[in-house]
Amino acid sequence: MSDETFEQMRRAMVASQLRTTAVNDARVVAAMGQVPRERFVPADKSRLAYADMALPIGDGRAINPPMVIGRLLTEARPDTNDRVLLVGAGTGYAAELLARLVGTVVALEQDAALLACARAAVTAANVRLVEGDLAAGWGEGAPYDLIVIDGAVEQVPPTLVEQLADGGRLVAPIMEQGVTRLSIGRRAGGGFGMTSFADSAAAPLPGFARPVEFSF
Numbered sequence: 103m104s105d106e107t108f109e110q111m112r113r114a115m116v117a118s119q120l121r122t123t124a125v126n127d128a129r130v131v132a133a134m135g136q137v138p139r140e141r142f143v144p145a146d147k148s149r150l151a152y153a154d155m156a157l158p159i160g161d162g163r164a165i166n167p168p169m170v171i172g173r174l175l176t177e178a179r180p181d182t183n184d185r186v187l188l189v190g191a192g193t194g195y196a197a198e199l200l201a202r203l204v205g206t207v208v209a210l211e212q213d214a215a216l217l218a219c220a221r222a223a224v225t226a227a228n229v230r231l232v233e234g235d236l237a238a239g240w241g242e243g244a245p246y247d248l249i250v251i252d253g254a255v256e257q258v259p260p261t262l263v264e265q266l267a268d269g270g271r272l273v274a275p276i277m278e279q280g281v282t283r284l285s286i287g288r289r290a291g292g293g294f295g296m297t298s299f300a301d302s303a304a305a306p307l308p309g310f311a312r313p314v315e316f317s318f
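Residue numbering for the sequence shown follows our numbering, starting at 103 and increasing by one per position.
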């Protein structure tokens with residue numbers, strides 16, 4: 103497929119998937135209209151790069167539908183001075199988007215093969231790609247003004263909350279009783295709470311399951 107075809111598909115994604123689902127931050131829309139999503143999916147799935155669906159990227163992982171990251175970033179209100187931790191960098195698409203919106207990005211991924219793909223695809227100079235346990239975050243770069251969890255999780259570990267600056271925001275798809283809700287939280291002193299703003303299916307991230315509770 104030609105670059106022109108992909109550009110047409112990108113414009114269609116903005117018109118039909120973003121503007122119709124409250125992705126209305128002009129900077130977020132502009133970034134998603136510029137970053138070539140096809141560069142971040144396997145070559146045999148490039149024709150589906152702009153489809154309204156999660157796409158497998160290997161090892162049981164998937165890149166989220168465009169609307170999911172669009173809504174998360176819109177609600178997060180990224181600032182040009184923000185220090186950001188991206189949890190679940192995958193092949194690097196969200197990292198490349200964030201690089202156009204914030205000051206610096208630490209993009210964390212625990213899958214070595216996906217991280218290698220991200221290193222080949224991400225071009226932004228203000229992105230640092232690191233390897234480590236997703237649920238542990240990346241304390242070396244803390245505190246962060248914004249943490250983006252780019253995948254559905256059952257819980258937000260206290261370790262990630264502790265890496266937020268006072269007043270910092272965290273956005274994530276939260277799975278609860280079979281429903282995934284896009285949610286945002288803010289740290290205020292020693293407190294942290296989350297509220298949901300939309301229901302949407304999202305690709306799950308490993309390592310964030312709630313402990314199994316036994317009943318007798």
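Derived from the structure by calculation, the hints contain no laboratory data. Keep in mind that the hints are not guaranteed to be accurate.
Derived CB-CB ranges, DEER-like [to be verified]:
{"id": "1", "residue 1": "Gly-162", "residue 2": "Asn-183", "range": "19 to 25 Å"}
{"id": "2", "residue 1": "Arg-129", "residue 2": "Ala-227", "range": "15 to 21 Å"}
{"id": "3", "residue 1": "Pro-313", "residue 2": "Thr-107", "range": "46 to 52 Å"}
All C-beta atoms, glycine included, are put in the ideal place defined by N, C-alpha and C.
Quick rundown of the hints versus the structure:
no. : hint                          : result
1   : Gly-162 / Asn-183: 19 to 25 Å : violated, 36 Å
2   : Arg-129 / Ala-227: 15 to 21 Å : holds, 18 Å
3   : Pro-313 / Thr-107: 46 to 52 Å : holds, 48 Å
Hint 1 from the list above is the single one not met by this structure.
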